[in-house]
Amino acid sequence: MNKKQPLIRRHEEDQPSRRAVLGAGLSALAALGLASALTPRSGWAAAPRTFKVRLAHGQAVTTPLHHACAKFAELAKDRSKGRLDVGVFPSSQLGTTVEMAEAVKMGTIEMYGGGNGFVEPFAPKISFVNVPGLLRDLDHANKVMYQFALKEVYEKGLLPAGIRPLGFVSNDFRHFTNNKRPIKTLADLKGLKIRTVPSRVMMDTVAALGASPVPMDWSEVFSALQQGVVDGQENPFIQVWSAKFYEVQKYLTLTGHTWDTYVLMANEKFFQSLDPDLQKIVVEAGREAADFGWQEMGKVNNDLLGTLKGLGMVVTEIDRREVQAAVKPVWNTWAEKMGPEGKELIQRAIEIK
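The sequence shown begins at 6 in the numbering used here and counts up one residue at a time.
Take these hints with a grain of salt, some might be off.
Simulated DEER-style distance windows between Cβ atoms [stated by the list, open to error]: (1) Q231 - E346: 40 to 48 angstroms; (2) I355 - V66: 49 to 57 angstroms; (3) D90 - K249: 26 to 34 angstroms; (4) T338 - D90: 29 to 37 angstroms; (5) D90 - I355: 39 to 47 angstroms; (6) N184 - K274: 38 to 46 angstroms; (7) Y151 - G233: 40 to 48 angstroms; (8) Q277 - S224: 28 to 36 angstroms.
In silico DSSO-like links for lysine-lysine, alpha-carbon gap of 27 angstroms or less [what the hints assert, rightly or not]: (9) K314 - K110; (10) K314 - K185; (11) K342 - K76; (12) K198 - K185; (13) K161 - K274; (14) K249 - K198; (15) K314 - K161.
Hints are computed from structural coordinates only; laboratory data are not their basis.
A virtual CB, placed ideally from N, CA and C, is assigned to each residue, including glycine.
Input sequences plus hints: build the corresponding full structure.
This is the structure we're talking about:
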């Protein structure tokens, strides 16, 4: 035992010299601006946090919405240097459209690209963009959405519900299809069961045009048409084509009765958990990706009517003035439900040139 004591003392005596060496090393690191990278207790600084993000939607991979989501994933990964690892899940892989809307609200998925009608239950005032005949064309719709609706309607309505809207991908103007008969006047719609988005304003619009609205999730529509559960549905050309409704629907009727949009959104708690630099990337990439999808929709939509005719659909058109006159009462109904603010929103949209 006594023989070992000097060894212990020598070890203890070495400590001041070791501390001096370590102190000198840290001083040298400080001189190089690296003092924050290494401390005696913490070692090397922690690596920047990375986040795995699920971005889900219900559309096919051929659609502008999917391409917008893929663009967001690309931009986010590139600008964050891999710290935002975004996986895109199309075609309702993570649930029905209703389930995914609820999931992004609850935070069980981080991001969602969904139709306006599916997030309407969380913020009823956003349905004003679906008021039939209100938005004149894509340029008018874009101005309304970004000049005031994003900040003053969507953020005010959705942030308290735990959802952060990032941007909009146009879903374009909606038209009718059915498998019963060609529609040449609104009277021909009478008695037809038409699937709609489960949105009050959408259902009111279909009823005003003379058909019987049947609210239904997107994932169920093709089989419902195929089995005759409903006679038809109403959607933009891109949905008729990408969902292959032309296989189970013979007649396409051009009405353009309402404009519709997809909302690119994130769960607010997830967004707030990000470092500030990543929040900035999400906001900027969200807007850019949405704009990319919007522009792509404008390009592809020009060719789709001819494509659908080539696939065998019989196309008719109803005079736009007849459509406008029929749906005008929906404006008043919607505005009354929303109170004074509803009338103001409609008026602001009308005044934008």
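Against the structure, the hints come out as follows:
{"no.": "1", "hint": "Q231 - E346: 40 to 48 angstroms", "verdict": "holds, 42 angstroms"}
{"no.": "2", "hint": "I355 - V66: 49 to 57 angstroms", "verdict": "violated, 37 angstroms"}
{"no.": "3", "hint": "D90 - K249: 26 to 34 angstroms", "verdict": "holds, 32 angstroms"}
{"no.": "4", "hint": "T338 - D90: 29 to 37 angstroms", "verdict": "violated, 46 angstroms"}
{"no.": "5", "hint": "D90 - I355: 39 to 47 angstroms", "verdict": "holds, 44 angstroms"}
{"no.": "6", "hint": "N184 - K274: 38 to 46 angstroms", "verdict": "holds, 45 angstroms"}
{"no.": "7", "hint": "Y151 - G233: 40 to 48 angstroms", "verdict": "holds, 42 angstroms"}
{"no.": "8", "hint": "Q277 - S224: 28 to 36 angstroms", "verdict": "holds, 31 angstroms"}
{"no.": "9", "hint": "K314 - K110", "verdict": "violated, 40 angstroms"}
{"no.": "10", "hint": "K314 - K185", "verdict": "holds, 17 angstroms"}
{"no.": "11", "hint": "K342 - K76", "verdict": "violated, 38 angstroms"}
{"no.": "12", "hint": "K198 - K185", "verdict": "holds, 10 angstroms"}
{"no.": "13", "hint": "K161 - K274", "verdict": "holds, 16 angstroms"}
{"no.": "14", "hint": "K249 - K198", "verdict": "holds, 19 angstroms"}
{"no.": "15", "hint": "K314 - K161", "verdict": "violated, 42 angstroms"}
Consistency with the previously given hints fails for numbers 2, 4, 9, 11 and 15, ordered from lowest to highest.
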